[in-house]
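All chains, full assembly: derive it from the sequences and hints.
Listed here are the chains, written in short residue letters.
There are 2 protein chains.
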Amino acid sequence: MLKPGNNAVIGQSGGPTAAINASLAGAISKLVSENSDNKVFGMSNGIEGLLKEKLYDLKHFFPEGSDGLSLPKTTPGAALGSCRFKLPAPSDDSNGIYRSLLNILKKYRIGYFFYIGGNDSMDTISKISAFAEENSVDLKCIGIPKTIDNDLILTDHTPGFGCAAKYVATVFSELRRDTSVYTQKAVTVVEVMGRDAGWLTAASALSRSAYSDGVDLIYLPEVPFSYDKLFDDIQKVWGRHSDVLIAVSEGIRLENGVYVGADGSTSDIFGHVKLSGAAKVLEEKIRSRFGCKVRSVELNTPQRCASHISSAADISESFDIGAYAVECALNGKTGFMSGIVRDCDSPYKTHFELFDIHSVANKVKGVPADYIDMVNSFVTDKALSYLKPLISGEIYPDYSDGIPKHFIFPKI
Amino acid sequence: MLKPGNNAVIGQSGGPTAAINASLAGAISKLVSENSDNKVFGMSNGIEGLLKEKLYDLKHFFPEGSDGLSLPKTTPGAALGSCRFKLPAPSDDSNGIYRSLLNILKKYRIGYFFYIGGNDSMDTISKISAFAEENSVDLKCIGIPKTIDNDLILTDHTPGFGCAAKYVATVFSELRRDTSVYTQKAVTVVEVMGRDAGWLTAASALSRSAYSDGVDLIYLPEVPFSYDKLFDDIQKVWGRHSDVLIAVSEGIRLENGVYVGADGSTSDIFGHVKLSGAAKVLEEKIRSRFGCKVRSVELNTPQRCASHISSAADISESFDIGAYAVECALNGKTGFMSGIVRDCDSPYKTHFELFDIHSVANKVKGVPADYIDMVNSFVTDKALSYLKPLISGEIYPDYSDGIPKHFIFPKI
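These protein sequences, in sequence, are chains A and B.
Residue 107 is where the first sequence starts when you use the working numbering, and the numbers rise one by one after that.
Residue 107 is where the second sequence starts when you use the working numbering, and the numbers rise one by one after that.
Hints in this document: simulated from the structure, not taken from any laboratory.
C-beta atoms are modelled at their ideal positions from N, C-alpha and C, and glycine is treated no differently.
Careful, some of the hints might be misleading.
Coverage of chain B stretches by chain A, computed from C-beta distances (three or more under 8 angstroms per stretch; other residues unrestricted) [unchecked claim]:
1. 182 to 192
2. 305 to 318
Below, in silico cross-link-like pairs of lysine-lysine (BS3-like), each with a Cα-Cα straight-line distance of 25 angstroms or less [what the hints assert, rightly or not]:
3. B:K517 <-> A:K517
4. B:K291 <-> A:K158
5. A:K291 <-> A:K399
6. A:K192 <-> B:K192
7. B:K291 <-> A:K160
8. A:K145 <-> A:K158
9. B:K291 <-> A:K517
10. B:K192 <-> A:K291
11. A:K342 <-> B:K471
12. A:K192 <-> B:K399
13. B:K511 <-> A:K488
14. B:K439 <-> A:K160
15. B:K399 <-> A:K517
16. A:K399 <-> B:K391
17. B:K439 <-> B:K212
18. A:K291 <-> B:K160
19. A:K399 <-> B:K192
20. A:K291 <-> B:K158
21. A:K399 <-> B:K517
What follows is the structure, encoded as structure tokens:
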């Protein structure tokens with residue numbers, strides 16, 4: 107039960123995912139079911155909108171609670187809108203942001219503050235909860251994680267990763283069928299999102315199954331990239347079949363730390379070095395080396411909003427972790443991120459826990475060494491056991507006139 | 107009923123699609139149900155494999171007929187393998203291909219010849235049927251159309267287009283949710299396949315619905331492209347909302363006929379002009395002009411093999427047109443392509459007819475002028491009425507361990 111006279115506010119921040127609205131739905135469901143007279147506000151475009159007092163009355167949109175929330179669960183993006191806004195340190199209020207924030211919290215009688223996002227969003231929550239504590243403001247602050255990058259520490263994995271991973275694995279399984287139709291030697295290089303952590307690229311390994319080769323070679327930002335190794339790897343695969351399918355993280359770097367996608371091999375008419383994208387650069391290098399047919403594919407933004415083929419496991423956890431965060435706040439907890447703890451890979455079992463928000467913010471969790479098969483440029487069985495349950499089960503949106511139905515708030 | 111002693115052979119050719127195996131399944135279903143002792147051969151890698159006598163015994167793989175064919179129906183690619191092989195004119199057998207072909211047809215006692223493919227494949231069928239007729243060979247030849255480009259003449263549309271169109275429309279609907287999360291002015295340019303015909307790019311218009319803006323602007327190869335018009339269009343959209351979502355065909359050309367993707371603005375370190383891709387070139391031009399956030403996305407090969415979200419209408423028609431082609435051949439028809447005639451847009455109703463194969467081969471059907479809204483850089487209601495039924499209904503593959511199950515022939 108929400109404390110009387112204490113309203114709640116929730117916002118979304120950072121890059122969109124296919125599951126962030128499921129977490130929003132889970133939190134709303136719990137907040138609305140706390141059958142009190144308190145209000146539940148939604149920040150339009152995160153903290154930016156809160157500072158401009160652009161707020162949705164969420165009980166107005168979802169008076170019936172969870173029954174009305176199935177559409178947001180399968181809507182990608184960030185229904186409330188997002189922002190990229192870095193708060194100053196709580197001790198430095200020279201530009202008056204915290205004073206404004208305090209006034210708005212008082213004006214709207216807000217006692218509960220929820221923020222769904224990645225690294226930067228946890229930084230925001232961390233600062234606001236520290237500020238509230240320092241100024242004796244009674245505000246329960248909980249962060250709800252989301253990122254397709256899966257790079258938050260402490261939590262076993264992040265909501266939103268499973269959906270993106272399922273899409274990536276599915277596309278690789280289909281691309282394998284596509285590339286295998288011809289008989290001549292060919293290479294397809296597919297670039298997957300992930301600047302500093304290779305989790306999503308590693309998920310391409312799930313396309314390999316008993317009946318299909320799936321992806322052949324995987325290059326992650328966690329391992330320094332070498333062209334000699336790449337060329338050797340390709341020739342080894344040609345010993346097995348003619349079409350080589352490669353997954354690379356956008357953030358792969360050479361031994362000297364320079365991004366492959368910015369290795370200077372491409373320039374515009376003015377001679378400026380361009381960040382071509384890792385796959386594009388590899389395409390040219392492989393063509394030069396072998397003279398064979400090479401194609402590069404950049405999965406790009408569709409991989410973070412492909413709600414038309416969501417992981418049921420991810421959507422379910424994303425919804426539940428939203429509800430869990432609310433439950434914890436109602437129980438008086440503050441200054442935490444809700445996270446996932448894995449009890450077992452198979453049968454897959456997890457539970458939720460709270461993690462100190464200050465420990466989580468601004469840190470990056472890469473793919474660990476024992477998940478990476480350096481010799482075969484692939485991932486290990488341990489990685490596969492970790493990844494597999496995260497993409498299990500399918501959840502599809504409703505369709506209207508052949509395209510998915512989505513939930514959309516009116517602009518304010 | 108197949109004529110006794112007359113075996114059948116079927117092949118796939120050209121670029122893969124999500125529906126070409128549904129047509130194969132439809133043809134096999136009909137051939138196997140013709141409960142005779144005749145054999146049904148599948149060419150491994152089209153005409154190339156036939157010339158090397160690389161043939162599958164399809165009754166061995168599908169003894170039970172249609173019951174065993176549900177997996178191929180949702181498998182993308184070209185299960186038998188494909189090729190790009192241009193036959194010489196039937197009158198010119200200087201390299202002996204037709205003599206070889208004749209020997210193979212005799213050796214395997216082939217009386218029925220089916221070929222599933224696009225323009226080039228219809229050219230192959232056209233030549234083989236002409237050769238058979240000129241040499242009094244009793245061979246019934248029928249072409250079964252497929253191409254995501256939808257650019258074959260006479261047929262109302264091509265099998266495979268609906269699946270690709272549904273994926274494109276779905277991705278645009280999701281990208282709209284993704285692009286709309288921030289408030290600053292931004293442009294996203296998405297490149298869709300289609301070198302000479304803009305059908306697939308036009309299908310992005312289906313992402314616009316009562317509840318979502320979907321795509322804002324559409325540029326097709328049928329209309330000479332102008333940067334001034336593009337910049338004007340973008341500013342008009344900014345009058346309505348901050349994020350502009352644009353669809354461009356890979357084949358858009360300037361007034362002077364030069365591909366936008368090869369307009370010379372990008373060169374490699376050796377100064378060679380590179381075909382950067384139309385969206386990439388537009389990204390740079392728009393950024394230079396407006397200084398705003400711009401992103402380019404190339405949908406690339408995933409759009410032609412996205413069986414995880416197929417159009418039920420397309421898969422159903424693709425299966426049926428395969429069966430229809432067989433039925434026609436059994437009735438003694440030869441030298442035709444099976445095609446689709448539309449009786450009504452709504453309720454959608456079609457029937458199949460045969461079209462003279464020699465009239466179909468090597469011709470391209472573009473998007474007609476009355477389907478294009480030049481003023482608003484969009485498509486007309488007439489185009490929408492045409493496109494809408496082609497993406498209707500959803501058909502999903504079975505999944506195993508979180509990824510789609512596919513049908514795969516062993517390599518021969």
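Hint check:
Coverage of the segment 182 to 192 of chain B by chain A holds [criterion: at least 3 residues with CB-CB distance below 8 angstroms; count 7]. Only when three residues or more bring their CB closer than 8 angstroms to a CB of chain A does the claim for the segment 305 to 318 of chain B stand; here the count is 5, and the claim holds. As the CA atoms of K517 of chain B and K517 of chain A are separated by approximately 55 angstroms, the hinted pair breaks the 25 angstroms bound. Pair hint K291 of chain B plus K158 of chain A holds up; C-alpha atoms about 18 angstroms apart against a cutoff of 25 angstroms.
Of the pairs offered as hints, the one joining K291 of chain A and K399 of chain A holds, with about 7 angstroms between alpha carbons and a cut-off of 25 angstroms not exceeded. Restraint check: the Cα-Cα separation between K192 of chain A and K192 of chain B comes to about 60 angstroms, which exceeds 25 angstroms; the hinted pair is violated. For the hint pairing K291 of chain B with K160 of chain A, the CA-to-CA distance comes to about 19 angstroms; that is within 25 angstroms, so the pair holds. In summary, the hint linking K145 of chain A to K158 of chain A is supported, as the alpha carbons are separated by about 18 angstroms, within the 25 angstroms threshold.
Taken as a hint, the K291 of chain B and K517 of chain A pair is honoured in the structure, with Cα atoms around 15 angstroms apart against an allowance of 25 angstroms. About 20 angstroms separates the Cα atoms of K192 of chain B and K291 of chain A, which keeps this hinted pair within 25 angstroms; it holds. With a C-alpha separation of about 43 angstroms, the suggested pair K342 of chain A and K471 of chain B falls outside the 25 angstroms cut-off, and the hint is violated. At roughly 19 angstroms between alpha-carbon atoms, K192 of chain A and K399 of chain B fall within 25 angstroms of each other, so this suggested pair holds.
Using a Cα cut-off of 25 angstroms, the hinted pair K511 of chain B and K488 of chain A holds, with the two alpha carbons roughly 23 angstroms apart. Between K439 of chain B and K160 of chain A, the direct Cα distance comes to roughly 69 angstroms. Violation of the 25 angstroms bound is thereby established for this hinted pair. Of the pairs offered as hints, the one joining K399 of chain B and K517 of chain A holds, with about 21 angstroms between alpha carbons and a cut-off of 25 angstroms not exceeded. A hinted pair counts as satisfied when its Cα atoms are at most 25 angstroms apart, and K399 of chain A with K391 of chain B does not qualify at roughly 29 angstroms.
Of the supplied pair hints, the one linking K439 of chain B and K212 of chain B holds, its CA atoms being roughly 20 angstroms apart against a limit of 25 angstroms. About 19 angstroms separates the Cα atoms of K291 of chain A and K160 of chain B, which keeps this hinted pair within 25 angstroms; it holds. With a C-alpha separation of about 19 angstroms, the suggested pair K399 of chain A and K192 of chain B falls inside the 25 angstroms cut-off, and the hint holds. A C-alpha spacing of about 18 angstroms is found between K291 of chain A and K158 of chain B, which places the hinted pair at or below 25 angstroms, so the restraint holds.
Between K399 of chain A and K517 of chain B, the direct Cα distance comes to roughly 21 angstroms. Compliance with the 25 angstroms bound is thereby established for this hinted pair.
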